[in-house]
Each structure stands twice: as structure tokens, then as C-alpha cells.
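Asker: Work out the full structure, taking the sequences as your base and the hints as a guide.
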Amino acid sequence: MPMLHKAIFIGLLLLGLVAPFMLYPIFVMKVMCFALFACAFNLLLGFGGLLSFGHAAYFGSASYISAYAAKAWGFTPELAILCGTGAAAILGLAIGSLAIRRQGIYFAMVTLAFAQMVFFFSLQAPFTGGEDGIQSVPRGYLLGLISMAPDRNLYYFVLGVVFVGLLVIYRIIHSPFGQVLKGIRDNEPRMVSLGYRTNRYKLAVFVLSAALAGLAGATKAIVFQLASLTDVYWTMSGEVVLMTLLGGMGTVFGPILGAAVIVTMQNYLATFGDWVTIGQGIIFVVAVMLFREGIVGVIARIIRRPL
Amino acid sequence: MFELLGIPPQALFGQLLLGLINGSFYAILSLGLAIIFGLLNIINFTHGAQYMMGAFVAWMLLNYLGIPYWGALIIVPIIVGATGIVLERLLISRLYHLDHLYGLLLTFGLALIITGIFRNQYGISGLPYAIPKQLAGGQNLGFMFLPNYRGWVVVVSLVVCLATWFAIEKTRLGGYLRAATENPTMVGAFGINVPRLITLTYGFGVALAAFAGVLAAPIYSVNPNMGADVIIVVFAVVVIGGMGSILGSILTGFGLGLVEGLARVFYPEGSAVVIFVIMAIVLLVKPAGLFGREA
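So the sequence lines, in the order shown, correspond to chains V and E. All letters in the first sequence, in the order written, are residues 160 to 466 by the working numbering. All letters in the second sequence, in the order written, are residues 921 to 1215 by the working numbering.
Calculated directly from the structure, the hints in this document are not laboratory data.
Residues of chain V placed beyond 10 angstroms of chain E at every Cβ, according to the derived structure:
hint, residue
1, Ala166
2, Tyr183
3, His333
Simulated coverage check for chain E against chain V, where a stretch passes if three residues somewhere in it have a Cβ under 8 angstroms from a Cβ of chain V:
hint, region
4, 1028-1036
5, 1155-1161
6, 1184-1194
Glycine residues also receive a C-beta, built at the ideal position from the N, C-alpha and C atoms.
Answerer: In C-alpha cells form, the structure reads like this:
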């Protein structure tokens, strides 16, 4: 890992350690969950070149599964989160193996349509609580020992989960597998002629991205003690695209910043109602028209180092 | 009365009619998407919002200016189509040289803005729009009751779809259009103003969506989310049909509307997802879509 990246990771960790003393811990946890979600999405879009417009399906279904496991089966939080992540991975495998049959914008439409199917399932399935969602999910005891009820305890658990998640993504990107992915993103026919079975790589990254998005969604369900339809609706898929685009797709740290900006905006402008939607739309348009590299992408260009 | 698989015929035909009507909207909207995609290579995510705008502008014309349904049917597509032309000139035209993805993202952002504005202004509860009195009432066909307005919607959408198909496949202008999708540089060299052709095509596609919106206004309540819900189904329709052919998107639109109607009779819980299930099957068997050409 280059010095700069190491320094940024350490900085992020320190920031995470002191943040709850300055900011509302639940808010910071929300930022962290979305940062992980956006980074998982960016793994697929920024490094695999695959625009999934239905990532809410994995985020939301994992939050349902982990909420249900924690509430109905009395699972400890870490087991509940693992359940959710596993479910998201399986769902990712099912949808991904169909979606990679189409490319480009068709791929985006297919993932979006399947995500909508997951949404309708979540609306109607007997265990999801319909419009109410699954409420008052117990936070439980970590490993059956440490109570997660105090925000401070839960906070450091979530920080650990998210930080490990980010390191895993970093590891994937910088592995030989990640290099093959970038090759496919930049020129798929060339990779095919080099003998790579590109569909296998695309499916693998799809499943990894879905699982990590699920990890983020499952963690969020435990934090907010709630799994609801908002997390599976397609606007959530749009939001994660926005976070990634704004922060900088294809950069390592961009989605974290993008998620922080968007969540902060939603949090502090919530009283303005639909102006938030309009604001998000304007950010989308401005980002696409004027700075497609995203904030971190622009910084990386200026300091001439990959970020 | 006879019964079909234990379903009373009134219910069956009623749902089939409903399916046919939904199918009309799927057909017009996927046709508009197909035309825009054909020439601009952009998936117009704003399409749903433009359909919603059509319904709202019709409502505004009636309530603010007193212009009735029949006037709206002509004026609304022109107004909304014009806004589409402005969008194309100002924003979309600057993205043609980039990856498709950016067009999708831009139009998605535009959809958020348009939906947000209408939600701010009119709330989400929905506004009523009366059926024009010439089309009130209905016909008793013996086996079912057919409300006149619904019959009108099916007929007029068929006419519009077929007219569009005819214009694109059989006229000279349509010929230019098809040639420009194949090779814009060559067509430009023959002295045809390709950028203007593209702009007008986008305007026409948007006008089609707005026209569908006016048709929809008296059936569904006019509300800011009406486009967001339908557009995703239309995307599925497009994937199933494959965007290669104009006729394909019309047939797929109507067909899937009917399938959805049938599902509502025999397995109501599944009616919301039946189109997506079909999409999964089609992707397994024929990834390019039923009418699509393998790229």
C-alpha cells in the first residue's frame, strides 16, 4: 500500500475514533454504513465498469434478513449481520448471473428491473411487515457478551465492521483479480482474446459487490433497529450512484466522501422536504456535465496521484 | 353464464381490458424510448417524468386556462416536447461523445429534479381529472361492460403507435432517421442536418410520452410519482422486446399489458412481478430480447 493511501486510511480511522465525541454517533454510523455501501457499489462500477441501477436490492434485502434474524430468531448482532450479508451474496449471484448476459445500459435496466422485483417481494412477503417494515430490532449482545445498547459500544463495533469492509475492498482492487477487472472495464474484447473468461470475473465482482452492499445494509438495520421499504426502493439505488459519482467513481476514497456529503445534506436539509430531491437532481446534472471525475477524482488529478 | 377455469367472465374480461390499457401506455412509452435510443443512444430516464408532466400540464391547462381535454391532447405534447428540445440542446447534446452511462445518469438527475418540483408544488396525494363528457358512459357488450373512455384509449394508442411505425419505416423522413442511426457522418455528408434531426427526434419521443400522460390523466389520478412507477416496468418491457425494432416495442408493450392483466385474474399476488419474471426467462433464453438483434 503506498504511503499516501496508508496515511489516508490511518487518518480515516483516527477520524472515526474521535468523531462520536464531536458529532451525534448515530449520524456518524449512518455515514459509515453508506460509505461502505457506496464503496461496494464503486467496486462494481468504478473498477468493473458495470453500472448496476439496482443495488438497493442487496442493501435492503440484507437489512431485512439481519433484522429478522436478530428479532425473530434472537441472533447476536454479528451473526445477524453475517446472515444478511450471505443472503445478499446469494441474491447477487442469482441476479448477477442473469444480468451479465446484457451489457451497457441494458445491464443497468436489467438490474433495475430485478431490484424492483425484490422491492415487490419485500412489500408482500409475510415476514417483512409490509409498509411498516421490521421495527424495534434488538441490538443484542456482541458475541453474546457485550451489550450493544449503549450507542458508544455499538459505534465502535460499526467502525470496526466498516473499516474492515473498506480494507477488504482495497485489497480486492489491488489484487491480480482487481487488475483483470480494470482490464475488462477498459477493453473487454482484448481481455477475451488474452484468454480471460470475462463473464466469470464480472459475475465474481458482482457477487462481491452485492455481499459488501449487504454488509452495509445489515449493519444499518442493527444501528437503526429498523428494516424498511426505503432501503429496497429504487431511489436508494439512485442515491448510491449519486454518492459514487459525486465522490469520484473509480477512486478508492471518493465514494466515502460522496456518501458523507449526501448523508449530511439529507440530514441537515431534511426540513426542506422535496427540495432535497431537487438538490440531489441538480448535483447529478452538475456532476455529469462539469466534473465527471468527482471531487476526489479532481483532487487526484491536481496532485497527480491515484486516490 | 359460462365460466372459464372458475373465473367469472366479467372479471376476466375486465382485467384483460385493464391489462390492454396498461399495455397501451407501455407500448407508447417503450416506443418513445426506442426512438430516442435509436438515434441518440441514450436511455431516456426522464421519460417517466415527461409522461407525468404530460398529465400535469393537461390538468393545468384545464384548471388554470380552461382548455379542455381535446385541446390538451394536441397542445400538451407540443409544450412538453418543446421542453424536451430545450433539454436536448442545453444538456444531452453535450454527452454524445461519452460513454452511454453518462446519458443515463444525466436523465436520471433530470427526472429527480422534475419529480421534485411537481411534488413540491402539488404534493403526492394526486389530483382528479374528469373524463371528457363526450367519452363518459360505456357500452354493454353482453359479456362485459366497456367504459367508452377506456376503449378510446386503446384505439387511439394503437393508431398513434401504428402511425409512428409507418412514419419511421415507410416515409422519406423516416428513411433519413434510420440512415442516421446507422451512420450519422455519412448522412450528414449528404447534406442532411443530423444534429437538428436528433433534436427533433428527442422532442418527438418526449411528445409521445406527454401524449400518453394526457391519455392517462382521466384514468389514474394525476400525481408526481405516476411516472416513476411505470418507467421501470417500461424498462423491463424494453429488455424483453429488445430495442431493435419499432414494431417489436409496440407488440411487446400491448402483449405484456395483457399478460399482467391475466396474472391479476389467476394469481393476483404475482401481478406486480410477472413482467420481471418474464424478463428473467427471456434473458435466459434469448438475451437480445424477443425482437432484438444480437449486437
